[in-house]
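This note's numbering applies: residue 601 is where the sequence shown begins, and numbers increase by one.
These are calculated hints, taken from the structure and not from any lab test.
Keep in mind that a hint or two might mislead.
[As the list claims (entries may be wrong)] Taking lysine-lysine pairs in the DSS-like style, the calculated list, with each CA pair at most 25 Å apart, reads:
| hint | residue 1 | residue 2 |
| --- | --- | --- |
| 1 | K904 | K738 |
| 2 | K947 | K969 |
| 3 | K738 | K715 |
| 4 | K1064 | K969 |
| 5 | K771 | K735 |
| 6 | K752 | K904 |
| 7 | K867 | K798 |
| 8 | K655 | K790 |
| 9 | K752 | K765 |
| 10 | K758 | K720 |
| 11 | K738 | K752 |
| 12 | K753 | K659 |
| 13 | K969 | K1025 |
| 14 | K720 | K765 |
| 15 | K1025 | K1072 |
| 16 | K771 | K752 |
| 17 | K798 | K735 |
| 18 | K720 | K707 |
| 19 | K867 | K969 |
| 20 | K758 | K659 |
| 21 | K679 | K738 |
| 22 | K758 | K738 |
| 23 | K758 | K735 |
| 24 | K765 | K714 |
| 25 | K655 | K771 |
| 26 | K765 | K790 |
| 27 | K1071 | K1035 |
[Claimed, not checked] Label pairs and their computed distance ranges (CB to CB):
| hint | residue 1 | residue 2 | range |
| --- | --- | --- | --- |
| 28 | A951 | D824 | 31 to 39 Å |
| 29 | Q756 | K904 | 22 to 30 Å |
| 30 | D857 | Y719 | 48 to 56 Å |
A virtual CB, placed ideally from N, CA and C, is assigned to each residue, including glycine.
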Amino acid sequence: MKNKVFVSTSIPYVNARPHIGHALEFVQTDTYARYRRLAGDDVFFTTGTDDNALKNVLKAEEANEAVQPFVRRHAAYFKETCDRLNISYDCFIETSNSDVHTQGAQKLWDVANKKGDIYKKEYEGLYCVGCEEFKTEKDINEQGECPEHPGKKLEQIKESNYFFKLSNYQKTLTELIESDTLHIIPETRKNEILSFIKSGLEDFSISRSVERAHGWGVPVPGDDSQVMYVWFDALSNYINVLDYAHEGKAFQDFWLDANERIHCIGKGINRFHTVYWPAMLLSGGIPLPHTVFVHGYFTVDGQKMSKSIGNVINPIDLIEKYGIDAVRYYFLRHQHPFEDGDFTMEKFHTAYTANLVNGLGNLVSRVMKLAETHLDAPVQRPDAIDFPDEFTQALDAFEFSTAMDYVWSRIGRADAHMTEEEPFKVVKTNPEEGKRIIAELVLELYHIARMLHPSMPTTSKLIKETILANKKPEIMFPRLDL
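I would like the entire structure built from these sequences, with the hints used as guidance.
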């Protein structure tokens, strides 16, 4: 029987165009979703945009543009990026353009309120627009700034808001995370969150005045003066895409009855997904995610990406020069899944040339040229192939670079086998033996293509089609100048 698996990316703000950090998460999550589908599981994969943030409003005003068209236009940039990266999502949600999202967020609010987990009080504190979060003294650095957004002044805010009783869930969350019932990957991120919880959970603000929100956001049920804090509405998107508001079939199948519920997120929003979100779900009487995979960030030339520095890289620019699968390959193999990694065009270009042009592309070309010349018919691919344990164990653990290293070790072994056996010579003196070696190499290409399906689906399909046609392909990865 098929497992039902829910898989999501986080949903990014739309205050600027997508960069390679966003693309990294899209590609990682898509690779995992494709792998699970290939393993026979029934997967619901969702992504989208977080439209209701104050930072989106401020950017629209800065551009002298109405909020709605600004948000819709920028959401379209993210959808285009997903589509250009060949992201196989089942749903792309835009939270300001979805009735089921608004209805679901308000339903979750009502349920938590009826449980007694929501109350109103006046609050004064420092607010980081970049994080969309109030900061306490333990959250800020020696300069009095948010470490995630250095150089940006924190706002001193005093207003009456609704609060969620996060403190009610400290003991439960600790037990769930320590037991891996809520499994946080990697261990370092799990320990980071346990340390945060054990330092004492404080109730957090879940609404903003309509005035401070500039009239933008999901209205708080029963109070026209307030809109929901963006994280309360944004986090609920994961169940709202499944129609939590009406408890639809998708919600039943892929959340309530799901065998696995998995979030793939960046390290900067770990706390929201492993503390705030589980507490909200507990309040709502809704099952928690099983797994939260937390990835690192890209720096560029050793620095954090910043418009002021001018080092923000648009993934579409990379795609247009190098191709979709070259970008997917680099993100998966050359960026450690759990740690920060530095991106430079020199490193990207070197990897492309060495491993795709001279590596995979060259091997497929050489083997299929021999097959086209010497084999009378296409090599019959096997009906079923089990993935090697090394490969599945890596992907099960979100170790994308390890899985890719394994595939490239197989590519290297096939290349070495061809060099050692010299089928291009053997086929002239011993045709049957030469054909056997060639067929063996073609079959290995099929194994490689199947393992590449989750990570490089276009390349995988091309190799399979080439084998089926028994023809040398066009150049897969053209040689390019930097």
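Each hint tested on the structure:
Distance check on the hinted pair: K904 and K738 sit about 23 Å apart at the alpha-carbon level, within 25 Å; holds. With a CA separation close to 30 Å, the supplied pair K947 and K969 exceeds the 25 Å bound. Restraint check for K738 and K715: the C-alpha separation of about 30 Å exceeds 25 Å, so the hint is violated. With a C-alpha separation of about 15 Å, the suggested pair K1064 and K969 falls inside the 25 Å cut-off, and the hint holds.
Taking the CA atoms of K771 and K735, the gap is near 23 Å; set against the 25 Å cutoff, the hint holds. The suggested pairing of K752 with K904 holds, with an alpha-carbon distance near 14 Å, which does not exceed 25 Å. Restraint check for K867 and K798: the C-alpha separation of about 19 Å stays at or below 25 Å, so the hint holds. As the CA atoms of K655 and K790 are separated by approximately 29 Å, the hinted pair breaks the 25 Å bound.
Using a Cα cut-off of 25 Å, the hinted pair K752 and K765 is violated, with the two alpha carbons roughly 29 Å apart. Between K758 and K720 the alpha-carbon distance is near 13 Å, which keeps this suggested pair within the 25 Å criterion. For the suggested pair K738 and K752, the alpha carbons sit about 17 Å apart, so the restraint of at most 25 Å is met. As the CA atoms of K753 and K659 are separated by approximately 16 Å, the hinted pair is consistent with the 25 Å bound.
A distance of roughly 14 Å separates the Cα atoms of K969 and K1025; the hinted pair therefore holds under the 25 Å criterion. Between K720 and K765 the CA atoms are separated by roughly 11 Å; this keeps the pair inside 25 Å, and the hint holds. Under the criterion of a C-alpha separation no larger than 25 Å, the hint pairing K1025 with K1072 is consistent with the structure, at around 19 Å. Note on K771 and K752: the hinted pairing is violated, with a Cα-Cα distance of about 35 Å set against a maximum of 25 Å.
Annotation: proposed proximity of K798 to K735 holds, straight-line Cα distance about 18 Å (limit 25 Å). Annotation: proposed proximity of K720 to K707 holds, straight-line Cα distance about 18 Å (limit 25 Å). With a C-alpha separation of about 46 Å, the suggested pair K867 and K969 falls outside the 25 Å cut-off, and the hint is violated. Distance restraint check for K758 and K659: the Cα-Cα separation of roughly 23 Å lies within the 25 Å cut-off, and the hinted pair is therefore satisfied.
With a C-alpha separation of about 37 Å, the suggested pairing of K679 with K738 is violated against the 25 Å cut-off. Between K758 and K738 the CA atoms are separated by roughly 19 Å; this keeps the pair inside 25 Å, and the hint holds. At roughly 13 Å between alpha-carbon atoms, K758 and K735 fall within 25 Å of each other, so this suggested pair holds. As the CA atoms of K765 and K714 are separated by approximately 13 Å, the hinted pair is consistent with the 25 Å bound.
For a cut-off of 25 Å, the pair hint linking K655 to K771 is broken: about 33 Å separates their Cα positions. For the suggested pair K765 and K790, the alpha carbons sit about 22 Å apart, so the restraint of at most 25 Å is met. Pair hint K1071 plus K1035 holds up; C-alpha atoms about 15 Å apart against a cutoff of 25 Å. The hinted range of 31 to 39 Å is not satisfied by A951 and D824, whose Cβ atoms lie roughly 55 Å apart.
Range check, Q756 to K904: about 26 Å between beta-carbon atoms, so the 22 to 30 Å window is met. In this structure the supplied range 48 to 56 Å is violated for D857 paired with Y719, their Cβ-Cβ distance being about 33 Å.
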